[in-house]
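Chemist: Heads up: the protein sequence lines correspond to chains F and D, in order.
Residues in the first sequence are numbered consecutively from 1, following the working numbering.
Residues in the second sequence are numbered consecutively from 1, following the working numbering.
Be careful, since some hints might not be right.
From the structure, some residues in chain D lie toward chain F, with a derived Cβ separation under 8 Å [claimed, not checked]:
1) SER318
2) ALA427
3) GLY437
Keep in mind the hints are simulated off the structure, nothing from the lab.
Heads up, the beta-carbon is just placed ideally off N, CA and C, and yes, glycines get one too.
Letter by letter, the chains look like this.
Protein chains: 2
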Amino acid sequence: MAASAARRRREVTENPSPARRAGRRARRERAPVTGPAYITRRIPTYELVSEEGLALIEAQAERILKEIGIEFRGDEEALRLFKAAGAEVSGPRVRFEPGQVRALCSTAPRQFTQVARNPARSVVIGGDHTVFSPAYGAPFVRDLEGGRRYGAIEDFANFVKLAYLSPWLHHSGGTICEPVDIPVNKRHLDMVYAHLRWSDKAFMGSVTAPERAADSIEMCRILFGADVVDETCVILGNINVNSPLVYDDVMSGVLRTYAAANQATIVVPFILGGAMGPVTPAGTIAQAHAEALVGVALTQLVRPGAPAIYGNFLSSMSLRSGAPTFGTPEPALAYIAVGQLARRAGLPVRVGGALTASKVADGQALQESADSMMPAILAGANFILHSAGWLEGGLSMGYEKFVLDCDRLGMLHVFMKGLALDENAFAMAAFRETGPGAHFLGTAHTMANYETAYYEPPLADCKSFEQWRDEGEKDSLQRASERWRELLAGYEAPALDPGIDEALKAFIARRKGSLPDMWH
Amino acid sequence: MAASAARRRREVTENPSPARRAGRRARRERAPVTGPAYITRRIPTYELVSEEGLALIEAQAERILKEIGIEFRGDEEALRLFKAAGAEVSGPRVRFEPGQVRALCSTAPRQFTQVARNPARSVVIGGDHTVFSPAYGAPFVRDLEGGRRYGAIEDFANFVKLAYLSPWLHHSGGTICEPVDIPVNKRHLDMVYAHLRWSDKAFMGSVTAPERAADSIEMCRILFGADVVDETCVILGNINVNSPLVYDDVMSGVLRTYAAANQATIVVPFILGGAMGPVTPAGTIAQAHAEALVGVALTQLVRPGAPAIYGNFLSSMSLRSGAPTFGTPEPALAYIAVGQLARRAGLPVRVGGALTASKVADGQALQESADSMMPAILAGANFILHSAGWLEGGLSMGYEKFVLDCDRLGMLHVFMKGLALDENAFAMAAFRETGPGAHFLGTAHTMANYETAYYEPPLADCKSFEQWRDEGEKDSLQRASERWRELLAGYEAPALDPGIDEALKAFIARRKGSLPDMWH
Numbered sequence: 001m002a003a004s005a006a007r008r009r010r011e012v013t014e015n016p017s018p019a020r021r022a023g024r025r026a027r028r029e030r031a032p033v034t035g036p037a038y039i040t041r042r043i044p045t046y047e048l049v050s051e052e053g054l055a056l057i058e059a060q061a062e063r064i065l066k067e068i069g070i071e072f073r074g075d076e077e078a079l080r081l082f083k084a085a086g087a088e089v090s091g092p093r094v095r096f097e098p099g100q101v102r103a104l105c106s107t108a109p110r111q112f113t114q115v116a117r118n119p120a121r122s123v124v125i126g127g128d129h130t131v132f133s134p135a136y137g138a139p140f141v142r143d144l145e146g147g148r149r150y151g152a153i154e155d156f157a158n159f160v161k162l163a164y165l166s167p168w169l170h171h172s173g174g175t176i177c178e179p180v181d182i183p184v185n186k187r188h189l190d191m192v193y194a195h196l197r198w199s200d201k202a203f204m205g206s207v208t209a210p211e212r213a214a215d216s217i218e219m220c221r222i223l224f225g226a227d228v229v230d231e232t233c234v235i236l237g238n239i240n241v242n243s244p245l246v247y248d249d250v251m252s253g254v255l256r257t258y259a260a261a262n263q264a265t266i267v268v269p270f271i272l273g274g275a276m277g278p279v280t281p282a283g284t285i286a287q288a289h290a291e292a293l294v295g296v297a298l299t300q301l302v303r304p305g306a307p308a309i310y311g312n313f314l315s316s317m318s319l320r321s322g323a324p325t326f327g328t329p330e331p332a333l334a335y336i337a338v339g340q341l342a343r344r345a346g347l348p349v350r351v352g353g354a355l356t357a358s359k360v361a362d363g364q365a366l367q368e369s370a371d372s373m374m375p376a377i378l379a380g381a382n383f384i385l386h387s388a389g390w391l392e393g394g395l396s397m398g399y400e401k402f403v404l405d406c407d408r409l410g411m412l413h414v415f416m417k418g419l420a421l422d423e424n425a426f427a428m429a430a431f432r433e434t435g436p437g438a439h440f441l442g443t444a445h446t447m448a449n450y451e452t453a454y455y456e457p458p459l460a461d462c463k464s465f466e467q468w469r470d471e472g473e474k475d476s477l478q479r480a481s482e483r484w485r486e487l488l489a490g491y492e493a494p495a496l497d498p499g500i501d502e503a504l505k506a507f508i509a510r511r512k513g514s515l516p517d518m519w520h
Numbered sequence: 001m002a003a004s005a006a007r008r009r010r011e012v013t014e015n016p017s018p019a020r021r022a023g024r025r026a027r028r029e030r031a032p033v034t035g036p037a038y039i040t041r042r043i044p045t046y047e048l049v050s051e052e053g054l055a056l057i058e059a060q061a062e063r064i065l066k067e068i069g070i071e072f073r074g075d076e077e078a079l080r081l082f083k084a085a086g087a088e089v090s091g092p093r094v095r096f097e098p099g100q101v102r103a104l105c106s107t108a109p110r111q112f113t114q115v116a117r118n119p120a121r122s123v124v125i126g127g128d129h130t131v132f133s134p135a136y137g138a139p140f141v142r143d144l145e146g147g148r149r150y151g152a153i154e155d156f157a158n159f160v161k162l163a164y165l166s167p168w169l170h171h172s173g174g175t176i177c178e179p180v181d182i183p184v185n186k187r188h189l190d191m192v193y194a195h196l197r198w199s200d201k202a203f204m205g206s207v208t209a210p211e212r213a214a215d216s217i218e219m220c221r222i223l224f225g226a227d228v229v230d231e232t233c234v235i236l237g238n239i240n241v242n243s244p245l246v247y248d249d250v251m252s253g254v255l256r257t258y259a260a261a262n263q264a265t266i267v268v269p270f271i272l273g274g275a276m277g278p279v280t281p282a283g284t285i286a287q288a289h290a291e292a293l294v295g296v297a298l299t300q301l302v303r304p305g306a307p308a309i310y311g312n313f314l315s316s317m318s319l320r321s322g323a324p325t326f327g328t329p330e331p332a333l334a335y336i337a338v339g340q341l342a343r344r345a346g347l348p349v350r351v352g353g354a355l356t357a358s359k360v361a362d363g364q365a366l367q368e369s370a371d372s373m374m375p376a377i378l379a380g381a382n383f384i385l386h387s388a389g390w391l392e393g394g395l396s397m398g399y400e401k402f403v404l405d406c407d408r409l410g411m412l413h414v415f416m417k418g419l420a421l422d423e424n425a426f427a428m429a430a431f432r433e434t435g436p437g438a439h440f441l442g443t444a445h446t447m448a449n450y451e452t453a454y455y456e457p458p459l460a461d462c463k464s465f466e467q468w469r470d471e472g473e474k475d476s477l478q479r480a481s482e483r484w485r486e487l488l489a490g491y492e493a494p495a496l497d498p499g500i501d502e503a504l505k506a507f508i509a510r511r512k513g514s515l516p517d518m519w520h
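Put together the whole structure using the sequences plus the hints.
Modeler: Put into C-alpha cells, the structure is as follows:
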C-alpha cells in the first residue's frame with residue numbers, strides 16, 4: 001500500500017523539465033537532511049511489569065469499562081455505532097463487557113505507513129519502529145534574546161523549518177506552536193500549509209473541530225490526489241480524551257472524521273494524576289488503557305482497518321501547588337507499562353516526549369526531558385510527540401530547547417541500534433597490535449572505525465576548560481541560541497509543484513473567505 | 001557478620017552519660033538525614049544483550065586473557081600469587097586458561113555489608129541493592145559565585161557535609177575533591193578524618209599508595225576497633241586499572257593492602273574508547289571484563305572471601321579533539337551490558353554515575369548526567385560512584401551540580417520502587433466516587449494517598465510562569481546556588497566520642513610528623 005502510494009505521489013509531483021529537475025537535485029544534494037526516515041529498533045523493550053501485573057491492569061480497565069463506563073457527550077453517531085456493536089448504551093454512557101473493546105480494536109493495523117510529501121521521508125508507525133515528532137500545542141514561544149511571547153505564524157514556520165532541517169526528527173508535527181496572530185477558526189489552514197510548503201516530512205492535521213479536520217484532509221487531497229488519500233495514511237490527528245472517561249463531541253467528531261477518511265487517529269488519554277485520574281499510578285494507567293482502547297474501537301466502528309495509535313499523556317502533580325510536574329519517576333514507570341499494554345493490545349503506541357515544567361532550557365529542563373524521553377524509548381514507543389522544543393509544561397515552545405532536544409534525539413538513534421557484537425566490534429586484531437599498556441589511537445582498527453565509532457553531539461561542549469573559557473564560557477543555552485539562528489539562516493525550502501502550491505493557496509483563500517474571523 | 005559488627009560498633013561509641021545521650025538524641029531528631037541507608041531494587045534489570053551475546057563477550061575476554069594476557073608491573077607478590085594459582089607467568093605478563101580467572105573469583109561474596117559509623121547507615125553492596133556515592137577525584141571545585149578554583153580541605157569538608165545532609169546519598173565517598181592545599185603524601189589523613197568526623201555514613205579510603213591505604217585502614221581500627229575491622233568491611237578502596245591490560249605496582253599494591261585487611265576493593269578498568277581500549281564498544285567491554293575479573297581474582301588470592309566489586313569506567317571520545325565525552329549512547333549501552341556480565345560472574349558491580357563533559361551545571365550537564373545515570377540503574381548497578389557533583393569530565397566538583405544531582409537521586413529512589421499494583425493503587429473506590437468527567441482531587445482515595453503519591457523534586461520549578469517571573473526568573477543553577485548555602489548553614493555534625501576523636505587526631509599528627517611534605 002505504502003509503496004504504491006509513494007509511486008503515485010511521485011507521479012503527482014514529478015517535474016518534467018530536465019533543467020528544473022537538475023536544479024531540484026542540486027538542492028537535494030545540498031540539503032542537510034541526512035537522517036533516517038524513521039528508526040527501526042535493535043534493542044529490546046524493557047519489561048518492567050510482569051505478565052501477571054499487566055493482566056491485573058487490564059482486568060482493572062475492564063472493570064472500569066463494565067462498571068463505570070465511558071461517556072460520549074453530544075455525539076449520537078458514536079453512541080449509535082457502539083450500540084450497534086453490542087455495547088450497553090444509557091444516555092451518553094457506554095458500558096462494555098470484558099473483552100468487548102479489545103475485540104473491537106482487533107481490526108486496527110499493528111503498524112502502518114504515513115506517506116510523506118517526500119516519499120523517502122514516509123514513516124512506518126508501529127512494530128519495531130519509532131518516529132520522533134516535535135512538541136505540540138504551545139501558545140507561547142521563547143528564545144534567549146526575545147524571551148517569552150505569544151506564538152505567531154512566523155514562529156510556526158520557523159519551527160517547521162527547524163524540524164525539516166533536523167536529521168533526527170522524522171515528522172513535522174502538528175500545532176508546533178499556536179499562531180495566535182491568525183483567527184482561531186482559520187489558523188489550521190495556515191498551519192497545514194506551512195507543513196506542506198516548508199517541509200516534506202509527514203505531519204499532523206487540525207483537531208479543534210471536525211470541519212477543520214476535514215479541511216486538513218482536503219488539503220492533503222489537493223497535494224496527494226484524492227484516490228491516494230482514500231487508500232493511504234497521509235495525515236494524523238491527535239485526539240485528547242476529556243479524561244476521566246469522557247469524549248466530548250468535538251473530540252469524537254474529529255476522530256470519526258479522520259477514521260472515515262482512512263487517516264490515522266492518535267487517541268490520547270490526558271491525565272494529570274490526582275485530578276483527571278487517581279493519584280496512584282496504577283489506577284491512572286488502567287483508566288488510560290480503558291480510554292485509549294475505547295477511542296481506537298470507535299475508529300474501527302467508523303472504518304474497519306483505519307490506522308489508529310494507542311496514545312497516552314500522563315503527568316504527576318506538585319502536591320504543594322497542584323501544578324503538573326514532568327520528568328518525575330511515577331510517569332516514567334507508567335510510560336513503560338503503557339508500552340507493554342499497547343503491545344499486548346497489538347496497537348502502535350504514542351507515549352513520552354521531552355517534557356519539562358521548567359520555563360527555560362536549563363539543567364532542570366534537559367534533565368526532566370531526558371527522564372521523560374528515556375522511558376518512552378524503553379517502552380518501545382512508536383510515535384513520540386513532544387520530542388523537541390517543549391518547555392513550561394507545554395505552554396511554551398523554546399527555540400534553544402528545540403535544537404538541544406534534537407541533539408539528544410541523535411543520541412537516541414545510536415542507543416536504539418544497540419551493541420554490535422561482530423568480529424570487527426570485538427577488535428581482536430587491535431589487541432594483537434597493541435598489547436598491554438599501548439594505546440589504541442593509531443591502530444588499523446581505530447583508523448578503520450573512528451569515523452563511525454561515536455556519536456558526537458554537536459551542541460555538547462567537551463573542549464578543554466581553557467579553550468571553553470577563552471571562547472567566552474558559553475553554556476549550552478547560549479550555544480543553542482547561536483545554533484538555531486545559523487540553521488534558519490541556511491534553510492532552503494524543498495521544492496513544491498507550483499500548480500499544487502496555487503491550488504492549496506486557492507483552497508485556503510476560499511475557505512477563509514467563507515468564514516467570519518473568530519478569535520477565541 | 002554485619003549485625004554483630006554493628007553491635008560491637010555501638011559498644012565502642014556508646015556514651016554512658018544520660019545527659020549527653022539525650023543531647024545526642026535531640027540532635028538526631030533535628031537531623032534532616034531521613035533517606036534509606038541504601039536502595040533495595042523492586043524493578044527488573046534491563047536485559048539489553050541476549051545470553052548468546054553475553055557468552056560472545058565472555059569468550060572474547062577469555063581470548064584476551066589467554067592470548068594477550070595482563071601485566072602486573074613491579075609487583076612480584078602479585079606475580080607469585082598468580083603463578084601459584086596456576087596462571088602462566090612470563091616476566092610481568094600473566095596469561096590464563098579459559099575459565100581460570102572466573103574460578104578464582106568464585107570465593108568473592110555476591111554481596112557484603114560495609115558498616116558505617118552510624119550502624120543505621122551501614123550499606124549492603126551487591127544483589128538487589130544500590131548505593132549512591134558522591135563524585136570522586138576532581139582537583140578543582142566550582143560554584144556559581146566563586147567560579148572554578150583548586151579544591152581545598154574546606155571544600156572537601158563542605159562536600160562531606162552536603163553528602164551527609166542528603167537523604168539520597170548513601171555513602172560519603174572518597175576523594176570527594178582533591179584538597180590541594182595539603183601535601184600530596186599527607187592529605188589522605190585529613191580526607192579520612194573529614195569523612196569520619198563530619199559524616200556518619202560509610203566512606204572510601206586512600207588508593208594513591210599502599211602505605212596510605214594502610215593509614216586509612218588504621219584510622220578505621222581506631223574508630224571501629226581492630227577486631228571489628230578484621231571481620232567486617234568498613235572501608236572501600238577504588239583501584240583504577242592502568243588500561244589497557246596493565247596493573248602497576250601502586251594499584252595492585254593498594255588492592256592487596258585492602259584485601260589483606262578484609263576490606264573491599266573496587267576494581268575499575270578505566271577506558272576511554274579508542275585510546276585505552278578499542279574504538280568499538282564490544283571490544284572495550286570484553287577488555288574491561290577481563291581486567292576487572294583479574295583484579296577481583298587477585299583479591300581472592302590475597303584473602304579468599306575478601307569483598308570486591310567488579311567496577312567499570314568507560315567513556316567515549318570526541319573524534320574532533322580526542323577529548324572524552326560523557327552521556328553519549330555508546331557508554332550507555334556498555335554500562336547495561338557490564339551489569340549483565342557482572343551478574344553472570346556473581347559479583348557486585350560499580351558502573352555509571354552522573355557524568356558530564358560540561359564545565360557548568362547547565363542543560364548539557366544535567367542531560368548527560370541523566371543519560372549516564374539511567375543506564376546504571378537499568379544495569380542493576382550496586383555501587384554508583386560519581387552520583388553527585390561531577391563536572392568537566394571529572395576535573396571539577398560543582399556545588400550546584402551536587403545538589404541538583406542529589407535531587408535526581410531522590411527521583412531514582414522512587415523509580416527503583418517500581419509500580420505498586422495493589423487494591424489501593426488501582427483506586428476502584430475513587431472511580432466509583434467520581435464517575436465520568438468528575439475530578440479526583442477531593443476523593444477519599446486522593447486524600448488518603450496524596451502525601452506519598454508523588455516525588456516532588458525540591459529544586460525543580462513547576463510554578464506558574466507569572467510566579468516564576470515575579471520571583472526573579474531563577475534558573476535551576478541559581479536555585480541550586482541558594483540551596484547548597486542553606487544546607488551548609490544548617491549543618492550540624494554527628495556526635496563523635498571525644499576519646500576516639502583525640503586518638504584519630506593523635507594518629508594523624510604522628511603520621512604527618514614522620515613524613516616530609518611532598519607536593520607532587
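Chemist: Evaluate each hint against the coordinates.
Modeler: Now the hints, each set against the structure:
1. SER318: holds, 5 Å
2. ALA427: holds, 3 Å
3. GLY437: At 5 Å from the nearest chain F Cβ, GLY437 (chain D) passes the 8 Å test, so the hint holds.
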